[in-house]
Amino acid sequence: MRAAMLRRGRAASALLAMAVAAAVATAMLNLYVDVQAKLRREFRNYGANIVLVGKDGASLPADALSRVEFVLRGRGVAAAFALVVARTSDGRPVVVAGTDFERVRQLDRYWSVNNWPSATRQALVGVRALPVVSPNNQPFSLTFQGKNIQLTSAGTVQTGAAEDSRVYLSLPDFVSWTAVQPSTIEVAAIGSTEEITAIMRAIEQAIPAAAVRPVRQILEGEARVLGKTRATLLAATALIILTAALCVVATLMGWVFDRRRDFAIMKALGASNRLLHGFFAAEAAALGAAGAVIGFVLGISIAAWIGRVNFHAAVVPRFSVLPLVLAGSMLVTLLSAILPISLLRKVQPAVILRGE
Amino acid sequence: MFARLVYESFRRQKRRKLLAGAAITLGVTVATAMIAVATDIGDKINRELRTIGANLVVTPQEDTLDVEIGGINLKPPSDGAFLNETDLPKIKGTFWHNNITGFAPMLPVNVTLEREGREDNITLLGTYFAKQISFGKEKFTTGVRSTYPWWKVSGMWPEDASRDILLGERLATALSAKAGDELTLSGRPLRVSGILSTGGAEDDQVVAPIALAQQILGKPGAVRRVYVSALTKPEDALARRDPKGMSGAIYDRWYCSPYPQSIAFQLQEAIPNSHAEQIRQVAQNEGAVLTRIEGLVFLVTLAALVASALAVSAAMATSIFERRAEVGLMKVLGAGKLGVASVFFAEAALLALIGGFVGFVAGGLLAHQIGRSIFNLQITIAPVLLPVILAVAVMVTFAGSAVAIRKAVSLDPVHALRGEV
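First to last, the protein sequences are chains X and C.
Be aware that the first sequence starts at 5, since it is given in this note's numbering, and climbs by one per residue.
Be aware that the second sequence starts at 13, since it is given in this note's numbering, and climbs by one per residue.
Calculated from the structure, these hints are not laboratory results.
This structure is a prediction, so every number in the text was calculated from the model and none was measured.
Watch out, some of these pointers could steer you wrong.
Claimed, not checked - Lysine to aspartate or glutamate pairs mimicking DMTMM-like chemistry, simulated, CA-CA at most 25 Å apart:
id, chain 1, residue 1, chain 2, residue 2
1, X, K232, C, E247
2, X, K232, C, E60
3, C, K87, X, D60
4, X, K232, C, D52
5, X, K59, C, D248
6, X, K232, C, E306
7, X, K59, C, E306
8, C, K190, C, D132
9, X, K42, C, D248
10, C, K419, X, D94
11, X, K42, C, E306
12, C, K87, X, D266
13, X, K42, C, D52
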């Protein structure tokens with residue numbers, strides 16, 4: 005009776021080892037598959053990775069932005085910019101840009117803006133441009149080709165780059181003042197290098213009047229960092245799965261060695277080696293499958309938890325991982341069951357039964 | 013007697029000891045390698061992120077507005093203030109000089125290109141390519157070749173002391189010029205050493221050694237702005253505070269942390285009449301990406317540690333469970349529970365120490381290999397970690413053995429010896 009209890013305990017510990025190993029393997033594989041998508045989203049905060057400009061400095065067609073949106077189909081954000089050099093009331097030149105603030109907010113999240121304009125004739129003024137156009141934060145006027153516009157500053161933008169020297173207006177204000185149409189569209193497309201190349205080609209075909217350029221520094225940097233992170237994760241995954249498999253082998257071998265009496269009795273009662281092998285293999289396979297399924301569920305939750313904690317977004321369960329984990333678990337269990345059996349096979353049942 | 017028991021156990025049960033020892037060694041190897049990778053990953057990814065370009069920019073304090081659209085500078089060339097080139101080596105004299113991986117000064121000037129009787133206005137950008145600079149006794153090489161690794165040149169990079177230039181890709185196509193051609197820019201005959209492709213505004217420009225741009229402008233030593241590439245720490249609440257309002261101790265902590273803000277502040281101190289600022293597109297996102305990757309590797313390391321602790325425990329439990337008969341014999345011969353347990357624990361400790369040491373060395377090698385093959389950089393493990401790792405190995409081995417040892421010593425020797433359990 006006590007022996008049976010103990011044996012059940014050992015079977016349970018083997019199952020536990022199996023489940024933990026499968027859980028860790030599932031979590032790691034799931035993360036490995038998903039980390040690329042998660043990090044790509046982080047990298048989209050770098051802003052545009054594709055830029056469209058009118059060929060030879062010309063404006064883009066009026067429907068260019070909607071055509072870009074059609075190509076993107078939700079796989080990114082795009083914003084159009086129109087730029088001119090205007091004069092301040094005391095005749096100093098300043099670059100004025102017209103754009104859609106809602107889109108820019110999504111596209112360029114690194115912009116440090118204290119207050120986005122919401123009404124017409126409100127401008128977003130670069131921190132370096134502010135002392136030039138509106139030193140005391142009073143309403144100011146700008147002139148372009150003899151036409152005046154009265155503006156108030158809604159807030160300032162700081163980026164540490166060219167934006168700091170510019171004044172941003174909403175596109176309707178800008179166009180009614182200057183009659184200049186957007187000449188640049190910045191696109192932050194989400195996807196792998198191949199997908200982004202495909203998007204670029206599709207945009208090129210949709211808008212033949214535009215020159216489409218990749219922002220190479222962003223694309224190349226992203227590819228490098230992602231590649232290295234995935235490689236590190238792959239190395240970690242391999243190491244962890246190896247240790248987990250070792251844990252299973254150690255536990256299972258102990259379990260099988262423990263049952264050498266059953267083995268000997270069966271053999272003494274006339275069971276063939278093949279039958280015995282089959283019996284132990286079936287048991288191990290059942291254990292492996294059960295452990296893999298429990299571990300898979302556990303591992304998915306671990307991966308989801310890591311996703312929530314680290315990326316603030318759940319890691320999507322990849323059911324494509326399940327067959328891999330299942331096959332791996334059964335292979336490891338079979339291996340660790342067959343190995344001790346093969347060792348025991350050579351031994352006479354009488355020797356085992358005598359406890360030697 | 014005690015020592016002999018342990019010694020004989022190792023001598024006579026080589027197979028079992030080898031199995032348990034192998035499990036401990038492998039567990040410690042994985043744990044050590046993962047800890048080494050996790051502690052170093054931030055630095056390594058930080059270096060990779062530097063390939064996105066400079067994260068700090070130094071401009072003259074009293075500068076006029078930039079008037080630039082699509083890389084074409086519309087500001088009068090002599091307008092505004094300049095930095096002095098001779099001040100630049102001082103960048104390497106700042107507190108965080110080891111974190112500064114490179115810098116490149118920029119001086120855009122407008123030039124006229126005379127070709128087949130036509131005159132075109134184009135921008136010539138003066139910069140360092142790979143310039144030898146010395147500060148004190150320290151010598152270093154810096155320039156766009158290290159700060160902008162995505163700049164690709166077909167042909168040769170110009171020497172910094174030469175009169176060779178790079179022609180932007182689109183400009184070269186428009187002029188149908190190629191490497192080796194001679195061009196006349198603002199009356200100066202220059203040789204095109206290569207065609208530059210950047211994917212940015214430089215594709216429409218000429219890039220030349222900065223001395224050449226200074227000559228054309230007629231202002232020796234003038235620099236419009238300096239782009240600095242620095243390894244920084246993700247910013248936190250302290251980083252965003254204004255250094256002026258800080259008390260002494262907090263100021264010191266802020267100053268001695270490699271935040272983008274504090275490195276910018278030190279650059280401003282080093283270069284007279286300058287204003288240094290982070291380029292938010294690069295600096296801000298860097299912090300976010302770095303935090304995510306570090307967090308991920310930290311959690312994965314945790315998983316690796318749990319997995320290796322479990323493997324060690326499982327191996328120890330198995331190896332002790334197999335020796336019930338031995339326990340029974342000891343007890344029959346009069347050994348107390350404590351005596352038996354202490355023999356097992358001593359064995360476990362010895363195994364853990366040997367396995368831990370071998371595992372530490374192997375883990376260090378593994379981490380080194382991972383660093384070399386993935387990052388092309390060294391990942392080394394601090395020898396200080398050895399005692400910590402050994403202590404953890406002993407603790408995990410004890411924890412793994414404890415349940416099995418307790419079970420083994422509480423068995424009835426009669427049953428154990430008859431092999432009934």
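Each hint tested on the structure:
Using a Cα cut-off of 25 Å, the hinted pair K232/X and E247/C holds, with the two alpha carbons roughly 23 Å apart. The suggested pairing of K232/X with E60/C holds, with an alpha-carbon distance near 9 Å, which does not exceed 25 Å. Proposed proximity of K87/C and D60/X is supported: the alpha carbons are some 21 Å apart, at most 25 Å. Using a Cα cut-off of 25 Å, the hinted pair K232/X and D52/C holds, with the two alpha carbons roughly 13 Å apart.
A hinted pair counts as satisfied when its Cα atoms are at most 25 Å apart, and K59/X with D248/C does not qualify at roughly 43 Å. Among the hinted pairs, K232/X with E306/C is consistent with the structure: their alpha-carbon atoms are about 13 Å apart, no more than 25 Å. For the hint linking K59/X to E306/C, the alpha-carbon distance of about 43 Å lies beyond 25 Å, and the restraint is violated. Between K190/C and D132/C the alpha-carbon distance is near 18 Å, which keeps this suggested pair within the 25 Å criterion.
Of the supplied pair hints, the one linking K42/X and D248/C holds, its CA atoms being roughly 22 Å apart against a limit of 25 Å. Note on K419/C and D94/X: the hinted pairing is violated, with a Cα-Cα distance of about 92 Å set against a maximum of 25 Å. In summary, the hint linking K42/X to E306/C is supported, as the alpha carbons are separated by about 14 Å, within the 25 Å threshold. Our distance criterion of 25 Å between C-alpha atoms is broken by K87/C and D266/X, whose separation comes to about 92 Å.
Distance check on the hinted pair: K42/X and D52/C sit about 22 Å apart at the alpha-carbon level, within 25 Å; holds.
Against the hints set out earlier in the document, violations occur for numbers 5, 7, 10, 12.
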